[in-house]
Structure formats: structure tokens, C-alpha cells
Amino acid sequence: MRTDMRKNSKSSWPKVIARKWLNIPSGADEFQSDYAVNGETGDRRKSCCDQDYHSIVPENFSEGWLTETAGGIKPSKSMPEPPPVTDSLNLRMFVGTWNVGGKSPHEGLNIRDWLSSPAPADIYVLGFQEIVPLNAGNVLGAEDNGPAAKWLSLIREALNSDQSDKELARCYSDATEESSPSSLQLEQQASLKPRTSFTDLLSMEDELGEEDFERLLNLNSNSSEEGSPSPTYMSGSPARQHFCLAASKQMVGLFLCVWVRTDLYKHISNLKVSCVGCGIMGYLGNKGSVSISMTLHQKTFCFVCTHLTSGEKEGDEIRRNSDVAEILKRTKFSRSFRDLRQPFHPENILDHNKVIWLGDLNYRLAPGCVDTHELLKKNNWQALLEKDQLRIEQRAGRVFSGWEEGRICFAPTYKYLADSDDYVVQTSNSKEKRRIPAWCDRILWKGEGLKQVWYSRGECRFSDHRPVYSLFSVHINLANKLIPTAISCPPRFSSKSALSSACGAKVQAEELLVIPGHKAA
4 MRTDMRKNSK SSWPKVIARK WLNIPSGADE FQSDYAVNGE TGDRRKSCCD
54 QDYHSIVPEN FSEGWLTETA GGIKPSKSMP EPPPVTDSLN LRMFVGTWNV
104 GGKSPHEGLN IRDWLSSPAP ADIYVLGFQE IVPLNAGNVL GAEDNGPAAK
154 WLSLIREALN SDQSDKELAR CYSDATEESS PSSLQLEQQA SLKPRTSFTD
204 LLSMEDELGE EDFERLLNLN SNSSEEGSPS PTYMSGSPAR QHFCLAASKQ
254 MVGLFLCVWV RTDLYKHISN LKVSCVGCGI MGYLGNKGSV SISMTLHQKT
304 FCFVCTHLTS GEKEGDEIRR NSDVAEILKR TKFSRSFRDL RQPFHPENIL
354 DHNKVIWLGD LNYRLAPGCV DTHELLKKNN WQALLEKDQL RIEQRAGRVF
404 SGWEEGRICF APTYKYLADS DDYVVQTSNS KEKRRIPAWC DRILWKGEGL
454 KQVWYSRGEC RFSDHRPVYS LFSVHINLAN KLIPTAISCP PRFSSKSALS
504 SACGAKVQAE ELLVIPGHKA A
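All the letters of the sequence shown, read from the start, carry residue numbers 4 to 524 under the numbering used here.
If you are wondering where the hints come from, they were derived from the structure by calculation, not from laboratory data.
Hints should not be assumed to be uniformly reliable.
Unchecked claim - Have a look at the derived ranges for each label pair, beta carbon to beta carbon:
| id | residue 1 | residue 2 | range |
| --- | --- | --- | --- |
| 1 | ASP266 | HIS376 | 46 to 52 Å |
| 2 | LYS316 | ASP374 | 18 to 24 Å |
| 3 | HIS376 | ASP354 | 42 to 48 Å |
| 4 | PHE347 | ARG464 | 44 to 50 Å |
| 5 | PHE347 | LYS316 | 18 to 24 Å |
| 6 | SER404 | PHE347 | 39 to 45 Å |
Said to hold, decoys possible - Below 25 Å or equal to it, Euclidean Cα-Cα: the simulated BS3-like pairs (lysine-lysine) are:
| id | residue 1 | residue 2 |
| --- | --- | --- |
| 7 | LYS106 | LYS153 |
| 8 | LYS390 | LYS380 |
| 9 | LYS390 | LYS332 |
| 10 | LYS153 | LYS335 |
| 11 | LYS316 | LYS269 |
| 12 | LYS316 | LYS390 |
| 13 | LYS153 | LYS332 |
Backbone N, C-alpha and C fix where the C-beta goes; we use that ideal spot for every residue, glycine too.
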């Protein structure tokens, strides 16, 4: 199978290169999904996540569709009208980004450190950069989706394995141990009690001042430094949850995937993807964005995974600002399908109710920071962040105007020596390019109902970047929302029954490659 795929990829090179260089549209593109569609027939396409999974291209994809596979239940046509609901829903969303340096994951790579969070999440949004080397063959030739398949397999295993339950129980047990006393009364109280719960933290934010709340949050997160490890949660909570792939999309080295709890997927509709190339000649995919749009409970979400122009020379930040503007301008989600019961789906990024922007944004420290090494030794991140290009450009209103980013309380994420905790700049005999450490990997957001409660980084040494992750509280108003009373069955992850529970989604994707000088419509 692998050999056949390689042969097909090589034979398709002339067509792929011609389309990319001549800017010939490739038509509707496909994303991968675990969704099953009722009563659908047609050609099946192998899923990127596993050789035994398949996806189907359906004719429609709207909220309320049901699974009709082995074990599925088909609803009666005389279904009673569901009652209206005037309540709200609070979900937790984990967002992570990681530049993996062109390396394919090896078997047994542990990504649980990255996927751990202060509270169990309902949605996982994971973005990667450089999942393949950014060489001419990968940029100009056919897509190499082998590494993406490996990453999906690792993520699926990490989110759904029984090992997650064991880690949760151990971490929770450790977290309830007493920590060493502190001088502050708040810390004294915390040292005598178990770790504050996620829900309690949110409820206390309105009661406490901003400084007191941040102190409590930091105390809650840094308990490991005082003798009690911070509890970390995977998907395996005491009430066991499984996660399925809502959508994933790759463009050269960029890769974005969205995972949701299986009981949430029936409330998702209008899944669409859009890719924008900003690399070579201004439109090839070595740099750019992959975006996924979806509707959850009639609220629209957009996730934008980006890899912006690199470089730390003076003026490179202007090119990164230009990349952001191009991505906002050229990202389009098609409207070829219209459900008359629902409002129009957003066509642009900023038209969505809630937007998350993640990735290797490549903003560096502004030139002229002569005391960088001393500040690094002292872990004085706030002083270093005064020279952060992204914050400087954002304050000046030149990029990400109106967007939010959480407080950064972790070390710069780039550039590390391979399999080391040392920055390249700290080693004089290194053959690597000397780079001033910087916070290249970032997560920003825009929209009401999003509240960031965690912003941190992982410590995996797999690449020259450290992974970054954030946990959001997502508030969704369910007023006037109709909850379907039909029952649908979640997808089954057994390889033996994969064909019978074939999964798919309506594909509505655009790869917007614009020749420089040509104005996008």
C-alpha cells in the first residue's frame, strides 16, 4: 500500500507542479474526518489517520444527520418536535501548537506532556508546522501525508488510551498532598487544601481582583515547585470520554486537526477548510495558513494554524505583518451548501463568532537587546518581552488589532539544540545558525465567550521548538436552540469494523494560490 501511494505521488508530480506554478485551481479538496453519514454511497477515500479508516464524500452535511452504519439507529420520520432550550453551555477547549522541525514522529513518542492540561478538555485543536522538511520536493511536489498519518495515530492513542486514566488518578492523588507553607495568607490556605478546581477558579475571577486572581492561578499552577505536582488531565477523566477527529487538513508542512468528544460531534456542522500559501513567490505553501471553520450549537468557530515568514533581521517583522494581512484577506470558506434552517456560514475568518490563531508566528526579539543573555540567566521573561516584536507591532496597531493573548510566564520556545535544554545561542561550538531565543510559537484569540485560563509550554525535546498550549473556557448561549431528540451512535475505532462504520464529511475546501500582482476577488 505504501509503495503504491509513493508511485501515484511521483506520477502526479508534473500535474501538481504545473497547477502550482500556473495557478490552476485544483477543485474541491478533501479533509479527513471521523464523521459518519447516513445513507451515503459513493467512492471512499483512505483516511490520513489510519490505513483501516475511510471517509465518504457526502452530498450534504448539516446538523442533525445521523449515523447509519453497523449498530447505527435510523430515526423515525414521525419524530416529535424537540423542545426549545434557553440555557448555556460551558466547554473547555485545549489549543496546542508545535513546530516539529521537519521530523516525522518515531514510534513511542510521548506527547502526553504536551496534551496534558489543568482540567479535562472537550475539544482539542492541535496545529503543527514543518511536519515535513520544507525542501523543493515537498513545496513543489505532491503532498507527503505520511507524517500526518503518524501524528494523527499518536494523538488518537494519547486521547483515548487507558493510560490516560492511570495518569489522571496518579496526578490527582499527588495534587491533594500538602505543599510547603508560604508567608502569604492566600498561599497558607492553599497549602492546607487540595488544588483549586477549574470551575472554582472561573467563579472566583469575578470576586477577586485581577492581581489576586492571577496570584491564585499561578499558585495553583506552580504547586509542583512547592512540593506538590500540579495535576494534569488527559481525556481519560473518571467519567470516561472518547474523542473523534472532526477534521484535519495539511498544506505542505502545515497541519491542523480538531478533535471533539464523541457526544459533541452530532452538534457540529458546516465543517470547511481553506489554505493560503504565502511562501515562495508569495503564494507557495512553505509558509502560510491552514484554517478550519465549523459550527457548534449554531456558534461559528474558526481555527487558523499559521507559519509566517522567518528571519530576525530588521524589517522581517513587516513581512510577517504582511503575511497576517494576506491570510485574513485570502482565506475564504465556500458557500456551496446552504441549509435553509440555519443562517449563512461565515465566508471570512473575522466573520466567525470565535477565532483562535495559533502557530509559529516567527516574531523575534527586536534588535538591540544587548542584555538578552543576562535576562535569560535570570529568567526575567517580562523584561525580555518588552522587546518582543509581536507585542510591539500589536501595540502600534500594525497587526492583530483587537486580538488577545494571555500573559506569557514561560521561557522562549525557540531555538534549542537538538535533544537539549540549551539554546543554540548559548553554545559557541554549535553548527546550528545562531538565533536569539524568542517566543515564536503563540496562541491568540478573538471573539466573545472565550476566556483563557491557562497558557504554558511543554518540555519535549523532539525539535528545536518547544510546544505551546492553552486551555480556554468556551461559553455558548443555547437560547432558542433546538436540541434534536434523535439518537446517533459514535464512531467505533475497531479496525475490523472500520469499513462498516465508514466515516466522512462534506468537503468544501479552497486552496487559494494567488500569483503576485493579481488581486484576489
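Here's how the hints hold up against the structure:
no. : hint                        : result
1   : ASP266 - HIS376: 46 to 52 Å : 51 Å, holds
2   : LYS316 - ASP374: 18 to 24 Å : 20 Å, holds
3   : HIS376 - ASP354: 42 to 48 Å : 45 Å, holds
4   : PHE347 - ARG464: 44 to 50 Å : 46 Å, holds
5   : PHE347 - LYS316: 18 to 24 Å : 43 Å, violated
6   : SER404 - PHE347: 39 to 45 Å : 25 Å, violated
7   : LYS106 - LYS153             : 11 Å, holds
8   : LYS390 - LYS380             : 17 Å, holds
9   : LYS390 - LYS332             : 28 Å, violated
10  : LYS153 - LYS335             : 29 Å, violated
11  : LYS316 - LYS269             : 48 Å, violated
12  : LYS316 - LYS390             : 14 Å, holds
13  : LYS153 - LYS332             : 32 Å, violated
Hint violations for this structure: numbers 5, 6, 9, 10, 11 and 13, all remaining hints satisfied.
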